[in-house]
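Protein chains: 2
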Amino acid sequence: MKLAVVGLGLIGGSMALDLKARNFVSEVLGVDQNEVHTKDALKLGLVDRITTLEEACKEADLIILATPVNILSSLLPKVLDLIQPYGTVTDVGSTKAKITVSIKNHPKRKQFVPSHPMAGTEFSGPQAAHLGLFKDKATIICDSNDSGAEHLQKVIEMYQQLEMRVLYMNSKEHDLHAAYVSHLSHISSFVLANTVLDKEKNVNAIFDLASAGFESTVRLAKSSPDMWAPIFEQNHDHIVEALGAYIDHLKTFQQTLVAKDYTSTKALMTQSNEIKRVLEKIQNKNIKK
Amino acid sequence: MKLAVVGLGLIGGSMALDLKARNFVSEVLGVDQNEVHTKDALKLGLVDRITTLEEACKEADLIILATPVNILSSLLPKVLDLIQPYGTVTDVGSTKAKITVSIKNHPKRKQFVPSHPMAGTEFSGPQAAHLGLFKDKATIICDSNDSGAEHLQKVIEMYQQLEMRVLYMNSKEHDLHAAYVSHLSHISSFVLANTVLDKEKNVNAIFDLASAGFESTVRLAKSSPDMWAPIFEQNHDHIVEALGAYIDHLKTFQQTLVAKDYTSTKALMTQSNEIKRVLEKIQNKNIKK
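Top line first, the protein sequences correspond to chains C and G. 289 is the number that this note's numbering gives the last residue of the first sequence; the numbers go up by one with no jumps. 1289 is the number that this note's numbering gives the last residue of the second sequence; the numbers go up by one with no jumps.
Everything labelled a hint here was simulated from the structure, so no lab data went into it. A couple of the hints might just be wrong.
Each computed SDA-like pair below joins lysine to any residue, with the alpha-carbon atoms no more than 20 Å apart [claimed, not checked]:
1) LYS1276(G) / LYS260(C)
2) LYS1276(G) / SER211(C)
3) LYS260(C) / LYS1098(G)
4) LYS2(C) / HIS151(C)
5) LYS260(C) / ASP1226(G)
6) LYS1251(G) / LYS20(C)
7) LYS276(C) / LYS1098(G)
8) LYS20(C) / SER224(C)
Predicted model only: the values in this text are computed from it and were never measured.
Excised from the complex, chain C in its bound form:
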């Protein structure tokens, strides 16, 4: 099987590397507008050849679109126009509703399988790509009834090769849950970094006082603005809702502090501790094969 990856960043590059290493694909074609990225991807062995989008669509059995989500809206219809009748297209974007609506009536809709592998780090670009990024993580396939059976099967097999757990949701559900569970964490982290940097102008106090807890909480603030602004744009309504809910919860917490009502502060923290159950469940699922 010949694979084409459009967008040679952390996710696209890691998928290329992993699927080649596992012999799921025999050749990987790479497409990227950024010449530094294409050179790095070749040098790092993420792809076998750099091609144009047109060549990739003509040759590939499977095409992974791994660009920022704002580029997908114009890229996906173009790719569907160009691909072979047997070609399958999947994306790895963090938002799903806009993109699926945009190609709802495309004659080749059945060749598209929207997906979202729940993996990543705060780093980006081909240099960040590595083997094993996806192992034991979850991937979401959206609106599976709208994809053709053979195309769906090809994408499921691809994720199974990467040792991911495949889950199914519709696009709207996906976007709502992703806003709370993934996108909001990024905002809380971006803004925490800004709050601390704004206060601690010379960063020495951060350097001196930061513990592992601070590092962990603020890690996502290193994430790429070019990747995240389009996600916030595409999942606008859900994210505004989730952020509003977060601010409301913070205000409730703040009120208990201002009122020196520490019994209530404690009760709120005891509620938060419930997250232990979820995190343990995640760790167990990641440990078990």
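Let chain C serve as the given structure and place chain G on it in line with the hints.
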């Protein structure tokens, strides 16, 4: 040297374990009101003997107070009353101004060295204690001019044995910086957990969609309410200020989203990325011996 540790939790237990393993102390006496903790501490070999507070004060050359900060206010004057003229007392509390003011005029003030080792995990109790918790981390000694030279020296040596970097600040500075760099991270994490748990009632969606990023951001939400409520109480004014600043920054971020002004959203995230420099510096400092 004979060490007494009052409060046999994560920090007290880990210090006992480490200082004994490094032969900095010949015997460790343990004091804790919680009988489960004293039994566990003995069984786990964190301490050699369990004693009363009175016995510990009579026998010890060095006493570490590792209780929640609300207990310190009544405990510290009592310990100072009881200790030998050569005995040194240090605490490991996350807030400093209240406790140092409370014993400002104690005749044995010079025997007390306020300190705050910047280490810990989201776990608590003697079972969480382990070797190596402090290595290459920072510890803050506050108001060092108010401690006697020999007592200060003993505490510095103790932290050097644990391979910690010793830094100096006054109590007020400490509490202000700790509010932003440490205490606020905990609130952002506690409240993020509550926001997500409140929305995702059955936790299945969290389980399915949570990635490593979510885990990292929400990890501190597992922290002990019994430990943190007193910290928020003692550092009240700074924490209310820091939380207010965080909410204001979140509102600014929210405004850019509501206005769909993604250029400004991006600019805010680019500012957040500055935290990279700080985190890299922290990582370098932790790697180098």
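Is the hinted pair LYS2(C) and HIS151(C) satisfied, with a Cα-Cα distance of at most 20 Å?
14 Å, holds
Going straight from one Cα to the other, do LYS20(C) and SER224(C) come out at no more than 20 Å?
27 Å, violated
Are LYS1276(G) and SER211(C) close enough, with their CA atoms no more than 20 Å apart?
15 Å, holds
With a cut-off of 20 Å on the C-alpha distance, tell me whether LYS260(C) and LYS1098(G) pass.
16 Å, holds
Does LYS276(C) pair with LYS1098(G) here, judged by a C-alpha cut-off of 20 Å?
32 Å, violated
For the pair we were handed, LYS260(C) and ASP1226(G), check the Cα-Cα distance against 20 Å.
Distance of about 15 Å is within 20 Å: holds.
Check the hint pairing LYS1251(G) with LYS20(C) against an upper bound of 20 Å on the C-alpha distance.
Violated: LYS1251(G) and LYS20(C) sit about 45 Å apart, past 20 Å.
Checking one constraint from the list: CA of LYS1276(G) to CA of LYS260(C), max 20 Å. Satisfied?
Outside the cut-off at roughly 35 Å; violated.
Hints 1, 6, 7 and 8, counting from the list given before, are not met by this structure.
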